[in-house]
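If you read the protein sequences in the order shown, they are chains C and P. Start counting the first sequence at 1083; every next residue gets the next number (my numbering). Start counting the second sequence at 8; every next residue gets the next number (my numbering).
Check the hints yourself; a few may be wrong.
[Claimed, not checked] With a Cα cut of at most 35 Å, we get these calculated DSBU-like pairs of lysine-lysine: (1) P:K31 to P:K93; (2) C:K1088 to C:K1339; (3) C:K1228 to C:K1245; (4) P:K353 to C:K1245; (5) C:K1354 to P:K222; (6) C:K1305 to P:K147; (7) C:K1354 to C:K1102; (8) C:K1088 to C:K1102; (9) C:K1312 to P:K222; (10) C:K1339 to P:K147; (11) P:K222 to P:K93; (12) C:K1305 to P:K172; (13) C:K1088 to C:K1289; (14) P:K353 to C:K1354; (15) P:K31 to C:K1312; (16) P:K222 to C:K1305.
The set of hints was computed from the structure by calculation and includes no laboratory data.
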Amino acid sequence: MTTATKRVFVVPFNEAVLGKTGSHPVAVRTNDPGEISRIAASVSADRLHCIEVSSDSLAGLDFKKEWLALPLVFRLKRAGRLLDSIPALETLRGAAARFYFPATPENITAARVLSSLMVKTGLLLDGEGADWDALEDLVVYDSCGKVPHSSVEPFRYVYAEYKNRQADYNELYLEKEGTFYHCDAQGNVALSGAALAGGDFIGTLDKADAIDFSACSLAAREKRRAPLLKFEGCAVCPGWLACGYRNSAKPETCGMKPFMTALLDAAEQVNKNADHNI
Amino acid sequence: MPTIIFKATERCNANCAYCDVVRKKCVPDMSMDMLRLVFSRADAFLKERPAEHINLTWHGGEVMMLGADYLNAAARLQAECCPSTKDRIFHSVQSNLTLLDAGLVAALRNLGINNVGTSYDPQDNVRGFGSSRDSDSYNKRFFRGVSLLEENGMQWGLIYVVTKKSLAVPGELFHFLTNMTNALMINPILTHGGDELGLGITAAEYADFLGEMFKLWWPARDRYGMVRPFSEYYGYYTRRETGLVCTRGGQCGNNHMYIGPQGQLSHCSCSADWSLVDYGNIADTTIGEVFGRQKRKDWAERGAVLEAGDCKDCRFWGICHGGCPMDSLAVHGDLRHKSEWCDGTKLFLTKYFEPITGLHYEGGSGHGN
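Next comes chain C alone, as it looks inside the complex (with noise of 0.2 Å):
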């Protein structure tokens, strides 16, 4: 008996495409907003893994109160004015949509004031350009402020997974490589969005038959293990059980230990601190 590991298709907008995709989960990408209600009215519900929009900053984005209830992820570049969202804020707190920007200072800042009005951000963890110390802080804002607060990703993820050593938060970002299949318009497959952007393909949804999907899952969780290999460098962080490697091509000089150390140590205050009701 094998207990297959869960297969998300990440594709565009394209019908075409969705037809190819059988049963399975589907996250659907878009650059374009007005495709939200489209997309949502093509996919049921369950099969809906997520709608991911790339746009530019939340203030220019006209968010619909019809989307309030949808699975929607924003990837923004920035989150742009705060003030022009203000308008908006009654939406925004109550929709199921989470918008994610890069953890630049000012987006760190930017999700940190959204966060306390309620709206529910994340952060791209990605190494490039990343402010550690900043992300450092708001963790810190995050588990310890008593002030009421909206979650931040991918800090709850890690709250909820860090014992769990199969976790990988990358799958906020739709990237857990062996679970998420990332899809071309012309139905080809690749292992990750950079696989696919370079043209690495494994098969075509016309004859996903043939993909050796569970060949696939084991070597991703291979690869996610390759550094406990040598034992030295990531293998011995103690910030893995938050990173993984899962972020940084130079290990040695990645910056991440204190903040994922300090991850690790609010994700367990925050678990104490639910189990005493606190």
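Based on these hints, arrange chain P on the given structure of chain C.
Chain P in isolation, oriented as in the chain C frame:
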């Protein structure tokens, strides 16, 4: 529940530095006729004891050397030979995972095994293949095995053996091992079978090594999970949990036996590997007879002897029970002495565990053979 340490093979594909089995003369694997007899004996034992269960722990050598067909045959023989008792026989396994494949995973599941015990050492050339102890290819195959288990929804736990090479890097080893797993057991190397490579450590060295790891585990134990012996001591100190490992539990005299590839009977894996205890052969002895043997009386008396002797007035008796009886047997030729590792237990608890945790144990709640 009786635990039968079951070695159907002593062959191994690895050449780990601290293994006693690789030094032994290789014997043929257990035949199907012998395997059938083992299950027949188990059936008879359980029929006479309707409330009892048996835990059959597959050890090696490397169990996976037997192949999937052999393990599937064992499952069939269990069904054939134990029609009314088969549901009271539980299997567990210790494997190095380097030979694991889909067929073997299915065979393990066929035996009802969902959790595999394994061992690992990240330092070069401690565990490995061939005369050079090639740890690079060993490690790759090990992690593939781990991934295969997880891909199939199976659990695994890890034993780490502390050697002379470990002593300089307790912190790095702690993080490495807890990064791998949240089910970890840290044991000292046992050298009664020989120490040609000079990997042996003293009880004090073991205690200090554990102490350095404990400093890391204690303040953040929630994230690191179960690390034995730390969790074990913590459970005992705070809740008098009696789930002590066999070397400290003081109960092995009542519930352990060993069956080797040729049906030879002994007390446990160590007693067989070090040729310390001979209970005869399963071909002419029942399981009930093994547990009732005259030689077992020594185990029954061991607790009282130690409490009046080596362990008199030791407040850690309830936690340690004089340690592994095999250590006494190997060093003194009898069971009437405490293990040399007891001093390490006492040192760790008084120098590290109690001062760091603020917990104190005054004794009591002890049992023992």
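Find the hints from earlier in the document that the structure breaks and name them by number, from lowest to highest. 7, 11
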